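With the hints as constraints, model all of the structure from the sequences given.
Note that my numbering has the sequence shown beginning at 23, numbered continuously upward.
Rather than coming from a laboratory, the hints here were simulated on the basis of the structure. Treat the hints with caution; some may be incorrect.
Estimated spans, in silico, between C-beta atoms of each pair [unchecked claim]:
#1 Ala103 / Ser49: 52 to 62 Å
#2 Glu75 / Leu50: 17 to 27 Å
#3 Phe30 / Glu75: 26 to 36 Å
#4 Asp94 / Lys48: 51 to 61 Å
#5 Glu220 / Pro70: 55 to 65 Å
#6 Val225 / Asn77: 24 to 34 Å
#7 Arg68 / Ala103: 32 to 42 Å
#8 Lys24 / Val96: 27 to 37 Å
#9 Lys80 / Ala46: 55 to 65 Å
#10 Glu108 / Val37: 43 to 53 Å
#11 Glu168 / Ala103: 21 to 31 Å
When the alpha-carbon atoms are kept at most 27 Å apart in a straight line, the in silico DSSO-like pairs for lysine-lysine are as follows [what the hints assert, rightly or not]:
#12 Lys235 / Lys89
#13 Lys139 / Lys93
#14 Lys139 / Lys233
#15 Lys80 / Lys112
#16 Lys235 / Lys139
Predicted model only: the values in this text are computed from it and were never measured. Note that CB positions come from ideal geometry on N, CA and C, so glycine has one too.
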Amino acid sequence: MKIRREFFPLGAAVVLIGSIFFIATKSLISVIFFSIILVFLLNFFRDPEREPETNSDKDLISPADGKIIIKDEVEVKGDLAEFVPELEGKKIKRIAIFMSPFDVHVNRSPVSGYVRKILRKKGGFARAFLEKSENNSRVLWHIRTEDGKDMILSQIAGAIARRISVFKKEGDFIRRGERIGIIYLGSRVDVYIPYEWEFSVSVGDKVLAGKTKIGYVR
Numbered sequence: 023m024k025i026r027r028e029f030f031p032l033g034a035a036v037v038l039i040g041s042i043f044f045i046a047t048k049s050l051i052s053v054i055f056f057s058i059i060l061v062f063l064l065n066f067f068r069d070p071e072r073e074p075e076t077n078s079d080k081d082l083i084s085p086a087d088g089k090i091i092i093k094d095e096v097e098v099k100g101d102l103a104e105f106v107p108e109l110e111g112k113k114i115k116r117i118a119i120f121m122s123p124f125d126v127h128v129n130r131s132p133v134s135g136y137v138r139k140i141l142r143k144k145g146g147f148a149r150a151f152l153e154k155s156e157n158n159s160r161v162l163w164h165i166r167t168e169d170g171k172d173m174i175l176s177q178i179a180g181a182i183a184r185r186i187s188v189f190k191k192e193g194d195f196i197r198r199g200e201r202i203g204i205i206y207l208g209s210r211v212d213v214y215i216p217y218e219w220e221f222s223v224s225v226g227d228k229v230l231a232g233k234t235k236i237g238y239v240r
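Set out below in structure tokens:
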């Protein structure tokens, strides 16, 4: 199992602090406690290889592990309209994927296309499974497919670690299922697609990043 390199400084810090506690207290409880933290971090930073369950480029692949908690239609306004002005006033479709602390937290691109824009937005830190968490601190991605269709991805920080790392930059071409970033410790990913596209998942469905088909291009 591949482990993200972001684990190693945190893992080293846990080992160091745990060792200091054990030397100071001579308590096995401290060893057990910090071992549990270390195992939790190892589980969180795992990064398994994934292959899409479909080979068609017209199929959208899940950007995140987790459970579908929202599926609806929204009008592009406010922050989204500022982020992608050419979509302002249009109706688009959305799903939200809740990622628990036990899910893989590496995110992947649902489609192949160009990264037009990446924007970090400050916000609150509501629990990620609440609808109001869409206004949490987040990273917005504007991805344009090779045939000129625009989609938006929103990586939303949760209430615990409140940190998002991105692996790509504006102008990069990314392939469907390619790793684009990681959200730390419990979070949410929202996917916004053109109205003429379709989602093939429903609220309550479990999905895997880079593997599960979540929709398709008409």
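Cross-check of the supplied hints:
1. Between Ala103 and Ser49 the C-beta distance comes to about 56 Å, which sits within the given range of 52 to 62 Å.
2. Separated by about 45 Å at the C-beta atoms, Glu75 and Leu50 break the suggested range of 17 to 27 Å.
3. At about 31 Å, the CB distance of Phe30 to Glu75 agrees with the hint of 26 to 36 Å.
4. In this structure the hint that Asp94 and Lys48 lie 51 to 61 Å apart at CB holds, the actual value being about 56 Å.
5. Glu220 and Pro70 have their C-beta atoms about 28 Å apart, which leaves the hinted 55 to 65 Å range violated.
6. Judged by the Cβ atoms, the range 24 to 34 Å given for Val225 and Asn77 holds: they are separated by roughly 27 Å.
7. Checked against the given bound of 32 to 42 Å, the beta carbons of Arg68 and Ala103, roughly 37 Å apart, stay inside it.
8. Our hint of 27 to 37 Å for Lys24 and Val96 holds, since their Cβ atoms are close to 36 Å apart.
9. Checking the proposed 55 to 65 Å range against Lys80 and Ala46 shows it holds: the Cβ atoms sit about 60 Å from each other.
10. A beta carbon spacing of about 50 Å between Glu108 and Val37 agrees with the range 43 to 53 Å that was offered as a hint.
11. Evaluation of the 21 to 31 Å hint for Glu168 and Ala103 yields a pass: the beta carbon distance comes to about 24 Å.
12. Between the alpha carbons of Lys235 and Lys89 the distance comes to roughly 13 Å, so the proposed pair stays at or under 27 Å and holds.
13. For the suggested pair Lys139 and Lys93, the alpha carbons sit about 24 Å apart, so the restraint of at most 27 Å is met.
14. For the hint linking Lys139 to Lys233, the alpha-carbon distance of about 25 Å falls within 27 Å, and the restraint holds.
15. At roughly 22 Å between alpha-carbon atoms, Lys80 and Lys112 fall within 27 Å of each other, so this suggested pair holds.
16. Straight-line distance between C-alpha atoms of Lys235 and Lys139 comes to about 25 Å, which keeps the hinted pair within the 27 Å bound.
In this structure, the earlier hints numbered 2 and 5 are contradicted, and the remaining ones agree with it.
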